[in-house]
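J.: Chain by chain, the residues:
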Amino acid sequence: MSNFLAGIQFPDITAIIPEVIALIIGCLILLIDPFIPKQKKRLNGYIALFGFVVLFFVTLSYLGKSIVTFFDMFSVDNFSTSMKLFFFVANFVVVLISLRYLEMEDSNLGEYYALLMFATVGMMVMVSSKDLIMFYIGLETMAIPLYVLAGFIRMNERSAESALKYLLMGVFVSGIFLYGIALTYGATGSTKLVDIVRFTYINGVNPILFVAIILIACGLGLEIAMVPFHFWAPDVYEGAPTSVTAFISVVPKVAAIAALLRVYFEGFTFFAPYWQTVLWLLSALTMIIGNVTAVVQDNVKRMLAYSSVAHAGYMLMGILSFNELGVSSLVYYFFAYSFMNIGAFALVIYLRRKNIVGDRLEDFRGLAQKDPIAALVMVVFLLSLAGVPPTVGFVGKFLIFSAALKAGFYWLLVIAVVTSVISLYYYFKIARSMYLEEPVADEPLLQPLSVKIAIFLLAILTVVFGVYPTPIMNLADLSAKVFFGY
Amino acid sequence: MIPVNVIFLYSLIIFCIGLWGALSRRNVFIVLMGIELMLNAVNIAFVGFASSLGNIAGQIIPIFVITVAAGEAAVGLAIVVAIFRNRLSINIDSFNILKW
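Heads up: the protein sequence lines correspond to chains A and B, in order.
The numbering used here numbers the first residue of the first sequence as 1 and each following residue consecutively.
The numbering used here numbers the first residue of the second sequence as 1001 and each following residue consecutively.
A couple of the hints might just be wrong.
With a straight-line cut-off of 16 Å between C-alpha atoms, the simulated EDC-like cross-links for lysine to aspartate or glutamate are [stated by the list, open to error]:
1. B:LYS1099 x A:ASP298
2. A:LYS40 x A:ASP106
3. A:LYS370 x A:GLU437
4. A:LYS481 x A:GLU437
5. A:LYS40 x A:GLU111
6. B:LYS1099 x A:ASP442
I should point out that these hints are in silico values taken from the structure, not numbers from a laboratory.
Keep in mind that this is a model prediction, so the values were computed, not measured.
With the hints as extra help, turn the sequences into a complete structure.
T.: So this is what it looks like as structure tokens:
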């Protein structure tokens, strides 16, 4: 027995403390939920809010540490730590906008927050892992709760249909992703990124790995919603509960992009020119199709879905630049994107009232007269999404574009700038509807307090970090040094 | 001993059958079965590679895959039940409320 264990190093458990805490909070919510009376179900949400604050500060203490443990499968570095901090900030806001929304939809159950917590655990594993199988486990731990969340209002046929579409696409693509992993394993003899990079350094480039790289991009591309796999996005975003849409459109997308970045940078380093070409094509297509299709939409959730597809294209530019500025601008863009996109969906929730989902363009009609402050805040988010100066969206786009410029992708840059101009049109369709059209007399706005807090918080962050981006920039620079610092 | 090329070819064929089934069939259950076939093709590939490389890791990975597939199937069937109550149909073509 002692001989058997002699060569095995005991893993450093301290590296996974945030994951364990998140898991415990999720289980705790499930356990105490049955004992909470039906009118006080909000308590679950408060526990989740408190949990994300605790997790934020616990994870903050990991900043600057660098631990690689569990047999080179799990790594705590500045990149993964800042990604986790991002998840907690974004999830905090998502819970805030969910509190009242779920009551309005009459499905205020504790499972919602538990599933959110479990999905978060999956994403935390995804950004920390250094092994393809760990990526897969993290991806599925994230995806299975997401399928359930998309169909959370199960008596609503739109919600159920969106869940089924999401599930079928997700499971199908995860099969393709796994085949990519199997090919990598067959070609290199390991699923660890360290071993893959070592093998390709010694033995040169293996043609099977070219196929594997594409299959892995496909598998993660579903959550990113990049072009050949974007068909689910508008349907699911429209049908799912709006708070879940806000979550799906931001957090899993960011987790998948961070995972793709790590796989390509650390595992397939020597294939850089090849995957840069693949991503060039995908990014260009994603930007064009996302922005052009968004123009003809008249459902705001659907329009924002296509806009989030387009934003995925901009984010892919950060990966394919393959330089330090690319990674730091990408991390900055993640934060920027979460503020403005969750904000825009929060406004849709703000408009939710009796019999009105708030996602049609007509629901925004004359909002400037009914609620001038909400209309102004929506304009801030739209300006930021379009990338107009005093906002985070501008700084993020500027950084990503300059990273692509530095790497010499001029034509991609041209496509990105042109499609950004197109995006102004459909964002301002909403603004025009709010300011230039007369309001329709219907149900009064409910103006729930928790949603109000979330919207103002996000609007303030959108403007403040647009004018003074240094705090997030510092974090982004720290995380970029993980890949290019040495 | 069966050469690894044959095992790989076998898994590729199974994978393509699963892919074709998942893409062409209109019944949700058949689609899910096609996807399961894809996952099983992956398991065959892993085990085949593991035995040819003499590396134990590839034989453990299918256990993870099977576990995840079971979770996916459980959630998937629950969602199919939920949508069947609304629509009284399991044909994919009838799920067409959400489209542009």
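J.: Against each hint, give a clear statement of whether it holds in the structure.
T.: Verification of the supplied hints:
A threshold of 16 Å between alpha carbons decides the hint, and for LYS1099 (chain B) with ASP298 (chain A) the separation of about 12 Å falls inside it, so the pair holds. Only pairs whose Cα atoms come within 16 Å are accepted, and LYS40 (chain A) paired with ASP106 (chain A) is accepted, the gap being roughly 13 Å. Of the pairs offered as hints, the one joining LYS370 (chain A) and GLU437 (chain A) holds, with about 12 Å between alpha carbons and a cut-off of 16 Å not exceeded. With a CA separation close to 50 Å, the supplied pair LYS481 (chain A) and GLU437 (chain A) exceeds the 16 Å bound.
Using a Cα cut-off of 16 Å, the hinted pair LYS40 (chain A) and GLU111 (chain A) holds, with the two alpha carbons roughly 14 Å apart. The hinted pair formed by LYS1099 (chain B) and ASP442 (chain A) fails the criterion: a straight-line CA distance of about 27 Å is larger than 16 Å.
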